[in-house]
Amino acid sequence: MSATFRKAARTFPTALAVSALGAAGLVVTSATPAHAHSQQGAIRAGCGPNYSLLDGGLREVRIQAGEVWGEVMLTYDATKDKFCVVTRKIAFHGEPTRVIAGIFHESEGVVFTDRAKVSHQASVKLPAAGECAKYYGYVFDPDGDSAFGGGANPTEPYVCP
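Numbered per mature numbering (1 follows the signal peptide of the UniProt record, and there is no 0), the sequence shown spans residues -36 to -1, 1 to 125.
No wet-lab data here; the hints were simulated from the structure.
You may find that some hints are simply not true.
Label-pair restraints from in silico Cβ distances [what the hints assert, rightly or not]:
| hint | residue 1 | residue 2 | range |
| --- | --- | --- | --- |
| 1 | 44 | 19 | 26 to 36 Å |
| 2 | 58 | 121 | 11 to 21 Å |
| 3 | 94 | 58 | 19 to 29 Å |
| 4 | 58 | 29 | 18 to 28 Å |
| 5 | 106 | 71 | 13 to 23 Å |
| 6 | 60 | 32 | 28 to 38 Å |
| 7 | 59 | 94 | 13 to 23 Å |
| 8 | 58 | 12 | 21 to 31 Å |
| 9 | 106 | 43 | 13 to 23 Å |
Even for Gly, the Cβ is constructed at its ideal location relative to N, Cα and C.
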């Protein structure tokens, strides 16, 4: 099941505060990483053939203890002037769990895709409209605990095409 949500830019700090509170209660679990899909394969599957990873557009999705559960990538298609964010699972790869991919820019606010049960990745697209963006991703374990990664923090720099 997939849903795309839009929120006004003014709600962005509230969403980050809620995200930070949720991250504080993480439970560390052990998972064997499986890398069945390359970064480029995940970008093609989630975004399409003409999207390229932007400079500054790759971050690890980690739990507080530092274990990497995935990676989140901000990509851009110059022919369509669109951003696409892909959150690729490393932990629990191939096992259906919740995954979130999100993007933020001033004119659109926060846009994200929350995938309830996916085996590999989640992605979301947004017109660039000449703007820079912040991005983020979550990977959840089967029990619903999450790892966070990305640049949705207000102190993080924007990434530009």
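Q. Do residue 58 and residue 12 keep their Cβ atoms within the hinted range of 21 to 31 Å?
A. holds, 23 Å
**Q.** Hint check for residue 121 and residue 58 - Cβ pair distance inside 11 to 21 Å
**A.** violated, 34 Å
**Q.** Beta-carbon spacing of residue 94 to residue 58 - inside the hinted bounds 19 to 29 Å or not
**A.** The hint (19 to 29 Å, Cβ to Cβ) is violated, given that residue 94 and residue 58 are roughly 39 Å apart.
Q.
Given a hint of 18 to 28 Å, does the C-beta separation of residue 58 and residue 29 actually sit inside it?
A. Holds, since residue 58 and residue 29 (Cβ atoms, about 23 Å apart) stay within the stated range.
Q | Outcome for the supplied range 26 to 36 Å, where the beta carbon pair is residue 44 and residue 19 | A | For residue 19 against residue 44, whose Cβ atoms are near 19 Å apart, the range 26 to 36 Å is violated.
(Q) Tell me if the beta carbons of residue 59 and residue 94 are separated by a distance inside 13 to 23 Å. (A) Violated, at about 40 Å.
Q | Satisfaction of the hinted span 28 to 38 Å by the C-beta atoms belonging to residue 60 and residue 32 | A | Between residue 60 and residue 32, where Cβ atoms are some 20 Å apart, the hint is violated.
**Q.** Assessment of proposed distance window 13 to 23 Å (beta carbons of residue 106, residue 71)
**A.** Hint violated: Cβ distance 37 Å, outside 13 to 23 Å.
Q: Could you see if the CB distance from residue 106 to residue 43 stays within 13 to 23 Å?
A: violated, 39 Å
Taken one by one, the earlier hints fail for this structure at numbers 1, 2, 3, 5, 6, 7 and 9, listed in ascending order.
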